[in-house]
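Colleague: Spelled out from the first residue to the last, the chains are:
Number of protein chains: 2
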Amino acid sequence: MNIGLDMMGGDYAPLEAVKGVAQYLSNPQTGISLTLIGDKATIEELLAAHAVPLTSIQIVHAEQVIEMHEHPTKALKEKQQSSIAIGFHLLASGKIDAFISAGNTGAMMVGALFSIKAIEGVSRPTIGAYIPRENGSLGLLLDAGINADCKPENLNQFAILGSLFAEHILGIENPKVGLVNIGEEEGKGNILAQVTYPLLKENSLINFVGNIEGRDILMDKSDVMVCEGFTGNVVLKMAESVYDIVKRRGIEDEHFDRFNFEMYGGVPVLGVAKPVIIGHGISHATAFKNMIAIAQRMIEKDLLKKMQDAFTN
Amino acid sequence: MNIGLDMMGGDYAPLEAVKGVAQYLSNPQTGISLTLIGDKATIEELLAAHAVPLTSIQIVHAEQVIEMHEHPTKALKEKQQSSIAIGFHLLASGKIDAFISAGNTGAMMVGALFSIKAIEGVSRPTIGAYIPRENGSLGLLLDAGINADCKPENLNQFAILGSLFAEHILGIENPKVGLVNIGEEEGKGNILAQVTYPLLKENSLINFVGNIEGRDILMDKSDVMVCEGFTGNVVLKMAESVYDIVKRRGIEDEHFDRFNFEMYGGVPVLGVAKPVIIGHGISHATAFKNMIAIAQRMIEKDLLKKMQDAFTN
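Residue numbers (numbering that gives the first Met the number 0), protein chains in the order written: chain A, 0 to 312; chain B, 0 to 312.
Heads up, some of the hints might be wrong.
No copy is singled out in the list; a pair is fine if it fits within one copy or between any two copies.
[As the list claims (entries may be wrong)] Below, in silico cross-link-like pairs of lysine-lysine (DSS-like), each with a Cα-Cα straight-line distance of 27 Å or less: (1) K220 - K116; (2) K187 - K116; (3) K39 - K236; (4) K187 - K73; (5) K246 - K236; (6) K94 - K18; (7) K220 - K236; (8) K175 - K18; (9) K150 - K39; (10) K76 - K187; (11) K78 - K187; (12) K220 - K76; (13) K94 - K304; (14) K236 - K187; (15) K150 - K187.
Bear in mind the hints are in silico, worked out from the structure with no lab data behind them. Keep in mind the model is a prediction, meaning the values are calculated, not measured.
With the hints as constraints, model all of the structure from the sequences given.
Modeller: See below:
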C-alpha cells in the first residue's frame, strides 16, 4: 500500500507535512509506504531534522508548486512538474494508491475529476465535511461546497457515497441519512428537497430517516446529511465561525473545541475512482497525520470497490 | 395609533400576552392604544389579576382560536370568529394600525398575503430573522424560510425591504447589505447568487457590500443579509441550536445568551401593505412587549409609506 502526499501544499508546508509524517510513523505501520512529493532537498533536510525513519518512505522530486491563489485549470496544465500534477500522474498510473494534498483546492478538484475521473454511474463527485456531535461522534455533511447547484439525483448519489464513507471510514453502523430541509414532513422544503425526498425514501442502499432541520445538523439525528453545496458550505462556514467566537470569548469547552475543523485534516473527494483527499490550507501536523490515516483506512477497507459496486448494482 | 394584539396566539397565551401588555404599559406611552383580541372574559380577568391599567386598552372578543397545528388556509376560512381572522379584519378595515400574533404562523402569513396584500411592486413579501452580533447590535437575515425558492429579483427586493427595516426600526444608519454566498468575489456561488449579485450592485436604494460567507453571518460584515428562504431557515435554526448546546453545556456567556431568539419576539412580514408581526409560538411576556414596541416604531416611523415609496420610484 503506497500513499502519496503532496509535501508542498498548504500554508505551513512542507514543515507541517513532515511533522505529520513523523507523527503518523511514530505508531508502527505494517505494509504502508509513503511517497512524499515535493522539493527533494528540502524534504530530506526536514526529515533528517525531525529524525523520521526512512525505511517506508520514498521521495519524488517536484520542481514546481501550484500556489493557493493560482487558477486551478491553468496552473495544473502549465505546471506539469508541480507536486499536485505529479501526484495525480502517480495516482492515475497506479504508482500510488491514494493522493493527499492541502494545496490549491480547485487544482485538486480538477485533478481528481480529470486525471482520475468519476466512478462509473456517479454524475457528480462530492466533498463532505465532518460535523462534531455532542455524543463525541462525527457526522458527515455533504456536499460541502463543490456542487453549488444540484439535481435531486446528485443528492441521492451523495447519500450513497456518504453512507459508505460513514460506515467504513467513520465506523458508523447502518448510518442514518437525513435530508437537510426546512420542515420535518415529506413535502416540505424547496423544489429540490421536495423532489429529492422520494428518491431517498426509495433508495434501498441507504438508511433514510427523513428530513432534518437546521437545528438537527449539530445533533446526532442523522449521520449523513445531504444538501446541495450552497447550503452545505454556508452551514459549514458558520459552524467554523462558532468555534472562532467561542475562542474569542475565552470559553473553554471540550465539545466546542471539536468545532476546530482544522484538526480533522482533509476530506476525501467522494465519487472519484481512487482515493483523493483534500486538506484545509491551514493544515498542521495533526491534520496531515489524520489525512494519511484516512487514506490508509480507505485503502484497507477497499472503499472504492464498495462504491463502484453500489453504482453498478 | 392603535395596535392590535392576538391574545390567544402562542403556547403560553393568553397569560404571557397579558404580562407582555403589562410590561409594555409599565412605561408610560403617549397616543398608543391597544386592541386586545381574544376571549373577553379571560382577558379581563387576567388584566385585573395583573393590575393592568385599562385606560388605553380595548378588548375585542373572539370566540374561536386557530390552533398551532391547524391547516392555515382552511382554519382561516372556517374560523371567521378566531382572533387571527378578526385581527386581520380590523387591520384591513383600518380599525387597528398593526396586527401582532404569536399564533399559527401559516395562518398569519395567509392572512397577511390575502387580507392585507403585498405592497405594489413587491412580488414576494418576506420574513427576516434577527442575528445577534458580538458588537451588541442586531443584523437581519432574510428570507428566513417563507420563500424556499427565489428568483434573483426576489432577493433584490428583500434587500430593499430589509434595508429600510434595519435603518428605521433597528436604527442602523446606511445599513450594509451582503449577499449570502459561498465565495467572496463576484461570479462565485450558485446560479441564483451569480445572477443576483449584479442586481444588488446596481441597486441604488441599498448599500451593497458584496458577498458574505457563512463565517460572516454571525459577524457584523453586513447588517442585512439576503438569501433564499431555504438557506436562511437552515442557518437560522442552526444558530438557534447553538444556543441550546451552549445552555446544555452550562456555558454562561453574555453574547451567546443573545442567541436565545425567543427574546426578540416576532419579526414583521416585510413587503405587505400594513404592519403585521408574527411571533414565535414560544413567546413569553418580554417577546410580546418587544413585538408591541416594534409595531409602535413601524407606525411612528411610517415605515410602510417608506417601503411603498421605494417601490414606486
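Colleague: Run every hint past the structure and note whether it holds.
Modeller: We went through each hint and held it up to the structure:
In the homo-oligomer, the alpha carbons of K220 and K116 never lie at most 27 Å apart, since the shortest distance is 33 Å inside one protomer and 39 Å across protomers. Taking the shortest alpha-carbon separations for K187 and K116, only the inter-copy value of 24 Å comes in at or below 27 Å, while the best intra-copy value is 35 Å. For a Cα distance limit of 27 Å, the shortest separation of K39 from K236 qualifies neither inside one copy, at 35 Å, nor across copies, at 50 Å. In this assembly of identical chains, K187 and K73 lie within 27 Å of each other by CA distance solely across copies; the values are 18 Å between and 42 Å within a copy.
Both within a single protomer and between protomers do K246 and K236 lie at most 27 Å apart by alpha-carbon distance, with minima of 16 Å and 22 Å respectively. Only within a single protomer do K94 and K18 lie at most 27 Å apart by alpha-carbon distance; the minimum there is 24 Å, versus 73 Å between protomers. For the homomeric pair K220 and K236, the shortest alpha-carbon distances inside one copy (20 Å) and between copies (14 Å) are both at most 27 Å. Taking the closest pair of Cα atoms, K175 and K18 never come within 27 Å of each other, the shortest separation being 36 Å inside a single copy and 44 Å across copies.
Taking identical chains as interchangeable, the C-alpha atoms of K150 and K39 are never at most 27 Å apart, the minima being 44 Å within one chain and 53 Å between chains. In this assembly of identical chains, K76 and K187 lie within 27 Å of each other by CA distance solely across copies; the values are 22 Å between and 45 Å within a copy. Proximity of K78 to K187 under the C-alpha cut-off of 27 Å is restricted to the inter-copy arrangement: shortest distance 25 Å between copies versus 48 Å within a copy. For the homomeric pair K220 and K76, neither the shortest alpha-carbon distance inside one copy (44 Å) nor that between copies (37 Å) is at most 27 Å.
Taking the shortest alpha-carbon separations for K94 and K304, only the intra-copy value of 18 Å comes in at or below 27 Å, while the best inter-copy value is 70 Å. In the homo-oligomer, the alpha carbons of K236 and K187 lie at most 27 Å apart both inside one protomer (25 Å) and across protomers (15 Å), since each shortest distance falls under that limit. For the homomeric pair K150 and K187, the shortest alpha-carbon distances inside one copy (17 Å) and between copies (19 Å) are both at most 27 Å.
The structure does not agree with the numbered hints 1, 3, 8, 9 and 12 stated previously, though it agrees with the rest.
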